[in-house]
Each structure stands twice: as structure tokens, then as C-alpha cells.
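Undergrad: Guided by the hints, dock chains W, C and X onto chain L, whose structure is given.
So the chains spell out like this:
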Amino acid sequence: MNAVLSLVAVLALVGLAVLGVEAGGLYSLFGVIVPYIAIVLFLGGLIFRVLGWAKSPVPFRIPTTCGQQKSLPWIKSSKYDNPHTGFGVLVRMALEILFFRSLFRNTKTQIAEGDKVTYGPTKWLWMGAIAFHYSFLVIFIRHLRFFTEPIPFFVDLLQTVDGFMQVGVPVFYMTSLIFFGALGYLLLRRLAIPQVRYISLVNDYFPLFLLLGIATTGILLRHFVKTDVVGIKELTLGLLSFQPAITEGIHWLFYVHLFLVCTLLAYFPFSKLMHLIGVFMSPTRNLANNSRMVRHINPWNAPVKVHTYEEYEDDFRDKMVAAGLPVDKQPEPKPAQAEKE
Amino acid sequence: MHDAGKVIIGLAIFVLLITFPIWFTLASGKAGHRPELELPKNETQCVESKEYMKAWHMDLLNDWRDAAVRDGKRMYVAEDGKKYVMSLSLTCLKCHTNKAKFCDECHNYVGVVPYCWDCHVDPKGD
Amino acid sequence: MLEKALEGSRRYWIWIGFLLAIIGAGVIAYLLQMRDGLAVTG
Amino acid sequence: MDESRRNFLKCSTVGVAGLGLAVPVATAIGKALTTETLPGHLSAKRWALVVDIAKCQSPDVQHACVEACHQIHNVPNIEDKHHEVKWIWKQTYTEAFPDQVHEYTEDRLKDAPVLVLCNHCERPPCVRVCPTQATFKRADGIVMMDMHRCIGCRYCIAACPYGARSFNWKDPVPHIKNVHANFPTRCKGVVEKCNLCAERLAQGLAPACVEAANRVAGPDAMVFGDLGQPDSNVARALRTRHTIRRKPSLGTAPHVFYVV
Numbered sequence: 001m002n003a004v005l006s007l008v009a010v011l012a013l014v015g016l017a018v019l020g021v022e023a024g025g026l027y028s029l030f031g032v033i034v035p036y037i038a039i040v041l042f043l044g045g046l047i048f049r050v051l052g053w054a055k056s057p058v059p060f061r062i063p064t065t066c067g068q069q070k071s072l073p074w075i076k077s078s079k080y081d082n083p084h085t086g087f088g089v090l091v092r093m094a095l096e097i098l099f100f101r102s103l104f105r106n107t108k109t110q111i112a113e114g115d116k117v118t119y120g121p122t123k124w125l126w127m128g129a130i131a132f133h134y135s136f137l138v139i140f141i142r143h144l145r146f147f148t149e150p151i152p153f154f155v156d157l158l159q160t161v162d163g164f165m166q167v168g169v170p171v172f173y174m175t176s177l178i179f180f181g182a183l184g185y186l187l188l189r190r191l192a193i194p195q196v197r198y199i200s201l202v203n204d205y206f207p208l209f210l211l212l213g214i215a216t217t218g219i220l221l222r223h224f225v226k227t228d229v230v231g232i233k234e235l236t237l238g239l240l241s242f243q244p245a246i247t248e249g250i251h252w253l254f255y256v257h258l259f260l261v262c263t264l265l266a267y268f269p270f271s272k273l274m275h276l277i278g279v280f281m282s283p284t285r286n287l288a289n290n291s292r293m294v295r296h297i298n299p300w301n302a303p304v305k306v307h308t309y310e311e312y313e314d315d316f317r318d319k320m321v322a323a324g325l326p327v328d329k330q331p332e333p334k335p336a337q338a339e340k341e
Numbered sequence: 001m002h003d004a005g006k007v008i009i010g011l012a013i014f015v016l017l018i019t020f021p022i023w024f025t026l027a028s029g030k031a032g033h034r035p036e037l038e039l040p041k042n043e044t045q046c047v048e049s050k051e052y053m054k055a056w057h058m059d060l061l062n063d064w065r066d067a068a069v070r071d072g073k074r075m076y077v078a079e080d081g082k083k084y085v086m087s088l089s090l091t092c093l094k095c096h097t098n099k100a101k102f103c104d105e106c107h108n109y110v111g112v113v114p115y116c117w118d119c120h121v122d123p124k125g126d
Numbered sequence: 001m002l003e004k005a006l007e008g009s010r011r012y013w014i015w016i017g018f019l020l021a022i023i024g025a026g027v028i029a030y031l032l033q034m035r036d037g038l039a040v041t042g
Numbered sequence: 001m002d003e004s005r006r007n008f009l010k011c012s013t014v015g016v017a018g019l020g021l022a023v024p025v026a027t028a029i030g031k032a033l034t035t036e037t038l039p040g041h042l043s044a045k046r047w048a049l050v051v052d053i054a055k056c057q058s059p060d061v062q063h064a065c066v067e068a069c070h071q072i073h074n075v076p077n078i079e080d081k082h083h084e085v086k087w088i089w090k091q092t093y094t095e096a097f098p099d100q101v102h103e104y105t106e107d108r109l110k111d112a113p114v115l116v117l118c119n120h121c122e123r124p125p126c127v128r129v130c131p132t133q134a135t136f137k138r139a140d141g142i143v144m145m146d147m148h149r150c151i152g153c154r155y156c157i158a159a160c161p162y163g164a165r166s167f168n169w170k171d172p173v174p175h176i177k178n179v180h181a182n183f184p185t186r187c188k189g190v191v192e193k194c195n196l197c198a199e200r201l202a203q204g205l206a207p208a209c210v211e212a213a214n215r216v217a218g219p220d221a222m223v224f225g226d227l228g229q230p231d232s233n234v235a236r237a238l239r240t241r242h243t244i245r246r247k248p249s250l251g252t253a254p255h256v257f258y259v260v
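Residue numbers (our numbering), protein chains in the order written: chain L, 1 to 341; chain W, 1 to 126; chain C, 1 to 42; chain X, 1 to 260.
Everything labelled a hint here was simulated from the structure, so no lab data went into it.
Glycine is no exception: its CB is placed at the ideal position from the N, C-alpha and C atoms.
You can trust all of the hints, since none of them are fake.
A few chain W positions that, by computed beta-carbon distances, are all more than 10 Å from chain X:
1) Lys6
2) Leu16
3) Gly32
4) Glu36
Where chain L lies over chain W, by a calculated footprint (3+ residues, C-beta under 8 Å):
5) 53 to 66
6) 109 to 122
Here are the simulated lysine to any residue pairs, SDA-like style, with alpha carbons at most 20 Å apart:
7) X:Lys55 with X:Glu95
8) X:Lys188 with W:Asp122
9) W:Lys101 with L:Ile151
10) W:Lys82 with X:Glu36
11) W:Lys6 with L:His296
12) W:Lys50 with W:Glu36
13) W:Lys99 with W:Leu37
14) W:Lys6 with L:Val58
15) W:Lys30 with L:Gly238
16) X:Lys188 with L:Gln166
Just chain L, same shape as in the assembly (with noise of 0.2 Å):
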């Protein structure tokens, strides 16, 4: 059902843009002021939204993370998975986020022989969300050649690099292939593990239909609905150098794919795809984990009146010592009386 809703939803924003387009001829909508709130959304929305995280307080270091903490110098501990200097984060941080380390340490409860719980490493869904990612970035960076002038020369280069097998004329990007088939994964993996199903919600699905529809639409226009593309190139510096002006004869299949990435820009800020600033400020992966060497004071806490037992020793040394009680440190000799000594 959460499915369903979301493809459908995906698919009214396709009809929406080719009745606008098609139908209506609203090309400065689509093709410009949609995207100009769009951007405007995505950056502002996340600006918001990191402002807001930033603003609440962390309560703890959070000390379980993984491996073992630093604690005394003979107990090895774990300087990556529990790092508790900024160097180590900075690792910790780095395999986080370049290689979603977390993801790979994914396991797999199993019964199995009947009665026996397994515990196994389940390498697929970091696989398909490696394969995703990475994909993702190259075709982010290689449409930059849409948005500079002149190319930068590691768009050309990498564009060199996928486009490597030369099959087809424009030459097939061995990336398409694989955003497409990560994608196909990580849907059909909500759709066919039941577990997995039943915890999948609208807005786990609707990114999912949003990507593959621009995927979709995006492989069309390159290989199979061909289009004027110095058009769309002179469309899109217009955009970004703020003297916006539609070209003409840009095929509609052009404005689905704008319409759903505008989409998916002004959808993000307020979506789970916030994970990506989110890795970046997740407290339980950016924090050193160095409680035991260093005292960290829960910021909300109220301001407590310490009166720790060295200051009421130094209250009442002298009356302890005459009451003959032990103290830590003895009261100082009077001078007069060590004279007469």
C-alpha cells in the first residue's frame, strides 16, 4: 500500500509536469521558477534543519559505540571504532562516511537447524547502498557539465572513465547501469523481505520512485528520447547566472526530469535523505569517546552547588583534629609553637 502511494505520487508529479508543459505551456514555471524555489527550498530547509540539530544539546558521549573504550594503558582498545582522540574520529568518520562502515557490520539473525539463533554478516544491502551512493555522486558530478562553463576538467575526465566500454553512440555510462540496478535492489529488497515491508513507510518508498523516475527519464533523454542538449545547457547557465530565459524546442520528457529533481531538491531538507549532513552530525559517530579522561558536563544540567569533602575539610580541620578525627591532609604547625620547640 505505502508502495503503491508512492508510485502513484510519483507518477502524478510525472502527469503533473507534462499537462503543465504539454497541455498549459508553462515553460517558465517548470523550467524556471520551479527550480528556483527548489533550490531555494533545499538550501534553505537544510540550512533550517542543521541550525535546529546544532541548537539541541548532546547529552552524552555516548560510550558504546562499538570495540573497546580506552580505559587503562594495559587494556587494548579499539582507536577507530572507539576513538577517543580527534585523530581517531576523524577515521572513524571518514570510514563512516566513505565506506558506511556501520552498514557492513550489518548481521543477520538466523534460526537455524531448527532451533539454534546464528548471528552472520550480511554483506547485500551495503553492497547495494555502496553501488547506489557512489553512483549517485559520479552522475551528480558528471551533469556538472550542464552547469559550468567552462567544463571542469575532472567532469570530462570522469565522464572519460565511465563511459569507458564505449557501447552505443552517446556511449552508455556504466554508472546509469549500476544506479539503476542498485535502486532496483534496495526496492525490491523493501518489497520482498517481509520483515523489511512491514517496517517501510510512504517516505521510505516515494525517494525510491522519485530516484528511479529520474533515472528513468534521465536514461530516456540521453539514449532514447533525444533532445537539443546545447539548449538545455543554455537553459541551465541562464538558471545559474540568474538571467533565466526558456529555449525553445526542449522535448517535454526534459521538464518530467527537471520537475521530479526540483522535486526531490525541495523534498529533501525534510526528509530521511537528511542523512546526508545527518552522518556528519550524528553525536554517537562524531564524538571522541573520552568520558573516562575528560569531564563532560551535561549543558542543561542546573547549576549544582558543589561542596566537595577537601573544602569541608579546610571548613573544619581544626575542629576534626580536635575531636580527633583522621583528615587527609594535617593542619599546618603554628609557627609560634614550633619556635618554642
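TA: Showing chains W, C and X alone in chain L's frame:
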């Protein structure tokens, strides 16, 4: 705000990256750049319509290749009935005499690097 | 899992360095072949 | 061609329908290609070539043939034997016909230089092994190459018993003296060989080597024509003269014949 310094620096880097196309293109001063094609002087009609050629010329060339190499048919009958020899170097480049001012203009503009010219000869020299 | 690979004796690191050097040589040879064709080897 | 066009249309229709679009595709989705042969092109049921060993023996003739071929096909001239590219070249009779010599073979033949080229076999092993169908046999018997599809695996080189195929070990363009604009060059990493001047046949011209041989050595030094027609000059030449093929025992059925 907690760790305000780090958050603001992070956000600034993110915004800078996202707006890369804007400042990069504006800094290069070529935002208004458009490909300027040198059109053939004595010919006004390409083998097919301008719109079709704009979008589909690469497929046309690909099909030409298949027809000429695999089927041994080297004459293309256009939509309007006119006939052309299917040859990139001899037919296309006969009118579009300057590859740099025709092919490369758009290809460079949208970052397309066709490998046609690895083998096919530009009669006017590379 | 991964940090197991990042810890080791001096000998281990020398061995890793040696293997990386071989990999590097292979990559360089591959790139040369990409540029100049198979004439590089044959 | 039509098949791929149809598949293409099918794919795009399914793709668009998959998006749930009832709106018709506004602009054209490609067009079916209408093609013809060039006017005056030469066609045949089965092309064949007869080489007169005696007439084509002199260095002048052989040089003229090799030059004519290599010039118009942009075949690079690479000194290093390991990287050499050749479409037509000379070999001694003993090398070219190893199973047709014995210790008493006539002196005039034994070390005679023979012009050899791709045999355009009836059962070409190179076509069988090509994984991408870059090498294929046309209906008229020409064993052709589609350079765009060649991935440089060199199976065909291994398969060809005549050594008729050359690999571009490096970029050939710097080794071409005068690039002939009417014919493409090749890039590094592809295999190439004689195409029996398919591009010249299409224009109604005989293969370059035939033209050169007959110009320099006189008529019938090389005879080229349609073996499918009983009254063609090749058919007649084969009927009236004793001819041999290279390595007949391999069963590839070469269609370049030699008059001994």
C-alpha cells in the same frame, strides 16, 4: 548553539560546494557563452531537418556505419528523397568544412568527446 | 575487522609496502598501456 | 537494421509507457533508415581472386600492389616486425604453401616470392571466433571487419591460419606517410586486414591490388570477379588453368587462388 564554529564552517563548505556551478561559471565570465557554428556557405539543407540532426546525428552516423560496413549499402535516401553517400569524412565534412568551428563547438560546450576522430580523418587536417 | 589490517609489526608493514609497490607498478604499467597501446609489452 | 529499429521503438515505447504516460511522444523517435547501394557498384554472388604467381613475381609488381593497397587504406608502415601491420605482402612459395612443397619442388617455385593477402575463406575461422561479430562474412563472400566493434581480443589472429590479420599494437596514425582522407585510419588496439577493397567495389572499381598488378604486369596477372557466374573471368580462369589454394587441408576454402 553547540559547536557553532564547526557547524557554521561545515555549512559554509556545503553551500560553497553546492553553488560551485554558479561561482565557477560566473568567475570564468563565460556564462553567456553560446556555441557559434560556422554553417556551410553554399548549402542550406542538411541531410535531414535541423531539429532531427541536432538530436539524432550520432544515431544517424551509427546507422550509416552499419549500413555501409555491414550491408554494403552506401547511399542514404533522406526523408525528402535526396540521396547522399554515407560518409562522415566525404559527405558531412564536405559541407561542414571546419570541424573545429562546427562539430567541436557544441561538443565542447556540452562536454561530449566522440571518438569518431580517433580514426575518421578530417580531410582539412586535424 | 578493518583495524586488524592497520596494525602489525615492522615486518608486516615492510611486506605491505612491498605489495603496494608491486600494485603501483602494475597500475602504472596499465596506464602506460592505455596511453601507448599493447606495444608497451609486445 | 529494421530489427534493431523495431527493438529500439519497442524499448522507447515501453520506457515511456512505463512512466505511465498517455501523452503521445511529441517529437520523432528516430526514423527508419532507407538505404541503397551506390550507382554502378559491383556486386557478386561470390567474389574470388586468382593470382598468377609467375606474373606477380617481380619486385616491381609486388611493390606496386602493396603500395597501392596500403596507401589507399591508410595502412601504417612500421619498421619493427613485432608491430607490423599488413594487408597484402609477400612470402616465399614454401612459406605460403607449406603443404604443397617437397624436397624436389621446382626451383622456380621454391623460393619464389608470392603475394599473399586475406583469403576471404568460405569457412573463415576468424569469423567463428570473433566474440563481438566485428569480423563477419558478407553474402558476397568478403570477410569484413567492423572496426567500431573490434575490442582487440586477437582471437582472430590466433584463429587465422594465414597470418592475414594484424594488430595495432600502437597508434598507427604517426606511421602513415600520407593519410588518405577517403578511408578511415585505425586506432590502437584493433585488428585489421584486407577487406577486398569493399569500399572500391561499392563505387564500381576493382580492388587496388588487382588494378596495380594488371597495370604493371600486364593483363591477367590478377583476375578478380564473381565465381557465382559461370562465364565470369575468374570462373573461366579457374576452369582453364591449374590453380592451388593455401593450406587446403584446413578446410577453410580460401577464395584467393594461385596459378602455379
